[in-house]
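Work out the full structure, taking the sequences as your base and the hints as a guide.
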Amino acid sequence: MKHLLAFFFFSLAANLAQADEVQVAVAANFTAPMKAIAADFEKDTGHKARLAFGSTGKFYAQIRNGAPFQVFLAADDTTPARLEKEGMTVPGSRFTYAVGTLVLWSAKPGFVDARGEVLKKGDFAHLALANPKVAPYGAAAVEVMEKLGVLESLEPRFVLGENIAQTQQFVVTGNAELGFVALSQVMKNGKVGEGSAWVVPAKLHTPIRQDAVILASGRGNAAAEALMEYLKSAKAAAIIKSYGYGL
Amino acid sequence: MLSDANLAAILLTLKLATLVTVILLLVGTPIAWWLARTRSWWKGPISAVVALPIVLPPSVLGFYLLVAMGPNGPVGRLTQALGLGTLPFTFAGLVVASVFYSLPFVVQPIQNAFEAMGERPLEVAATLRAGPLDRFFTVAVPLSSPGFLTAGVLGFAHTVGEFGVVLMIGGNIPGVTRVVSVQIYDYVEAFEYADAHILSGIMLAFSFTVLLAMYLLNPTRTHK
Amino acid sequence: MIRARFELAFPGFALDVDLDLPGRGVVALFGHSGSGKTTLLRAIAGLEKVPGGFLEVNGAVWQDATTFLPVHKRPLGFVFQEASLFPHLSVRANLAYGMRRVPAARRKVSLAHAVELLGIGPLLDRMPGHLSGGERQRVAIARALAVSPAILLMDEPLAALDLARKQEILPYLERLHEELEIPLVYVSHAPDEVARLADTLVAMERGRVVAQGPLSETLARLDLPIRLGEDAGVVLEGEIAELDADWHLARVAFPGGGLWVRDSGLAVGRHVRVRVLARDISIALTPLADNSILNVIPATVEQLADETHPALALVKLDAGGAPLVARITRRSAAKLQLQPGMKVWAQIKAVAVVG
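Protein chains in written order, with my numbering: chain A, 439 to 685; chain B, 67 to 290; chain C, 1117 to 1471.
Be careful, since some hints might not be right.
[What the hints assert, rightly or not] Keeping only pairs whose Cα atoms sit at most 27 angstroms apart, straight-line, the calculated DSS-like set for lysine-lysine is: (1) A:LYS558 - A:LYS585; (2) C:LYS1165 - C:LYS1189; (3) C:LYS1189 - B:LYS109; (4) A:LYS481 - A:LYS626; (5) A:LYS571 - B:LYS81; (6) A:LYS481 - A:LYS673.
Everything labelled a hint here was simulated from the structure, so no lab data went into it.
Written out as C-alpha cells, the structure is:
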C-alpha cells in the first residue's frame, strides 16, 4: 500500500514536471495555417500542441466555464480583450498574430470582377456573409457595403453563416452566388484557387485583428510560452502570410 | 419580456413545426402502414433510410440537403425546372428539410401502433363488409390513436428542437429561417446571455410540458 | 350447397380438399390442431388466398380461376376464436358496424333479433373491455349475425373459454341452429361440441378430408381414421316419448328403440339429441336382470375392429336401426365369440342428453 501510494505521487510529480504540452483553442478560420505551424513547432521545440478548432464565441463560453485551454487564438481582438479584463488571461501576453483579409468570392469564374462592381449591379439572389453580430469577417463585410452605399439595397438578400466556414459553404454549393469570406479560405498556393474574387482593400473596413492570449491556466506553462514566441517567429510569419493573412 | 426578434423567432418556429407535423402525419402514415404490413425484401432498406436521421449528425443531413437542393443539385434542378427557384434560405426549404429530419419520429410510433394492432381487427372488419379504406379509417386509425398522438407530439417537438439542419440550409434570415434554436445560438455567440437564457428557458419549459402531456395522456399502451 | 376445392402447400403443411357440403344446418370441420380445418375455413371466408382454388356458395361463385371475391364482398358472417370486438366501440356500435354496411333491403336479421337471440340486451351500452369472455363471444356472434349472412363461419368460437363460459354459450348456438335458416360451418377440435351442434361432420387430418357425412352415421363408422379414444361414441336423434314421474326418468324414443335418461324437465314430444359413448356400452349374450344398468337393449353385431390400444376392440351394433358403438376388451370379444350377425344385448351405463 505504501509502495502504491509512493508510486502514485511519483507519477503525479513526473506529470507536473513534464509540462511540455499545451492545449490550444484555435479560431476556425485559422485551422489550416495553425496545423502547419503546430507541426513545425513540435518538430523545432519538442513541445506538444493539442489543437481544438471552433468558433470564438463558443470558445469564450467554454473558457469562462473552465475549459482546459492554455492558449487561445481568437478570430477577433475583442474576445481576448474581454477575457483579459475578466482576469482569465496572463496579463501582457496578448498580441495580434494575424490580420484577416476580406474577400468577395464566387464559385463561378468571372462572376466577381476585380473591383467589386458586382455589388452595385446587384445581379444575384443571395449574398452570403458571416453573421455580423458574432463574426468579425461579417462585421467587416457590413462595413464595406456601408462604405460603398449598397448596404440597404443588399440587406434583403443576405444569408448568414454562423461562421466564416459555413458562409463559404453556401457559396461553394452555389446556393448563394457570392459571399464575403476570408482570403485564407480560398487561397491555394498563394493565390485565389477557384472561381472569381475581389480582395477587398483594407481601407474599406476596420482591420480584422486576430489576437492570441495565454489563458490563466497556462501561467508558467513552458509549452504555452514557447508557442506564443513561435507564432512571432519569421518561420511562422511566412506560413501565416502564405495563407492570405496580413501581419 | 419578449423582444420583437424573439417573438418573431418563436412564431416562426411554431409555424414551421405545425406545418411540418401536418405534412409528416400525411406522408408518414402511408409509409408506416406499408412498413408495418409488408413482407417485401425492401422493408429492411426502407426502414433503415427512414431511421437515418436518428443516427446521422444533422450536419450531414444539412450538408447533403444543401448540396442536393442547391442550383447544381438534383432537387435544385427539379425545383428550378418547375419555376420554384431553389429551396435553401427559404421557409419552404426549411419545411422540406424538417420533414426529412423528423420523419422517423413520426413513422416509427405509427408503425409500432399498426404492428401492435395486428391483422385481426382488420380481418374482423373485412368480414363485417368494410372495404380496405373503410377498414383503415374506422379500425386501424382509431385503434392506433395513441401512436398517432405520440407521433404528432414527437414530430412537432423534434422540429422545434431542430438546429443543425436549419443552420446549414437556413441562412439565418429573420422571419424566414431564423428559428428559436438558431436565435439562441446567436445570442450565445454574441455574449448576449440574458436573451439566451430567456429563450432557452422557454424551450426547456415547452419541451418538458409537451413530453409530460404525452406521458399523462398516453400512460400505458392498452391491448385487446 | 357449398362446393370447395383448395390446394395449398407450404413446407410442413399442405391443404388438399375437394368438398361438397350441404347448404343448411351445421357442418362441423373437425380435427386436431394442424389438421387444416382453420385454414380451410379462412379460405372459404377469403381471409386466406389460395391460388387456383374454387369456391361456390349457394350458387354464387366466390372464387374460381378468374374471380376472387374480396372478403368484404362475401355475404358471410365470421366468428373468430377470440371475440375480437373493436375495443374503441361500444357493444351497440360493434353490432352496428357490420349492419350499417349492408344495404337495408338485404337485412334479414334485425339488430333487435340478434340481440335477443344472444341475450345481450343489458350489455349494449358497455365497452368491450368491461365484458366477461363469454359475453364478449356472444356479442361477437350477434355482430356476425347482424350482417344477415348467407353463411356463418365460426372458428373454434368456444376454444378460448372455460367450461362454464362454454356452457353459457352453447344454448345460444343451439338456438341459432333451430331458429335461423343460416347454414353454419363450425370449426372445432372438441368432440362434445361437435356432438351437440353438428348435423354434418367433416373430419380432417393433415390438410385432407378423411371422413365426411351425416353426424351419427359418420361417428358410428369404425373406420373413422381419426381416433377419438375416450370420446368415441354415437349421437342419436329422438324425442321424449314418456316421463316416469316416480323415478324422475324420461324415455327418449328413436326409430327401433328407446333409452331412459334422467328427466331434465323436457316436455314429451321434444326433439332431443343424446350421446352414447363407446366406453359406456358393454355387451352381454343374455339380458341380465340382476344388475343396476337401466338401459339394456337388444342389438345385432355388425362389425368388429381393433382399437388403438391392443387390449381393446370396437364393436358396431345395430339396435333396431340405431347405430351404436361399444368399446370392450379383446379378451371379452374372444370369450363371447362375437361375430357379425350375432344377437346380443347392449348394456348402456350412461346416456347424455346433449341437445
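Going down the list of hints, with the structure as the test:
Between LYS558 (chain A) and LYS585 (chain A) the alpha-carbon distance is near 12 angstroms, which keeps this suggested pair within the 27 angstroms criterion. Distance check on the hinted pair: LYS1165 (chain C) and LYS1189 (chain C) sit about 14 angstroms apart at the alpha-carbon level, within 27 angstroms; holds. Restraint check for LYS1189 (chain C) and LYS109 (chain B): the C-alpha separation of about 30 angstroms exceeds 27 angstroms, so the hint is violated. Of the pairs offered as hints, the one joining LYS481 (chain A) and LYS626 (chain A) holds, with about 24 angstroms between alpha carbons and a cut-off of 27 angstroms not exceeded.
Only pairs whose Cα atoms come within 27 angstroms are accepted, and LYS571 (chain A) paired with LYS81 (chain B) is accepted, the gap being roughly 25 angstroms. For the hint linking LYS481 (chain A) to LYS673 (chain A), the alpha-carbon distance of about 13 angstroms falls within 27 angstroms, and the restraint holds.
Of the numbered hints stated above, the single one contradicted by the structure is hint 3.
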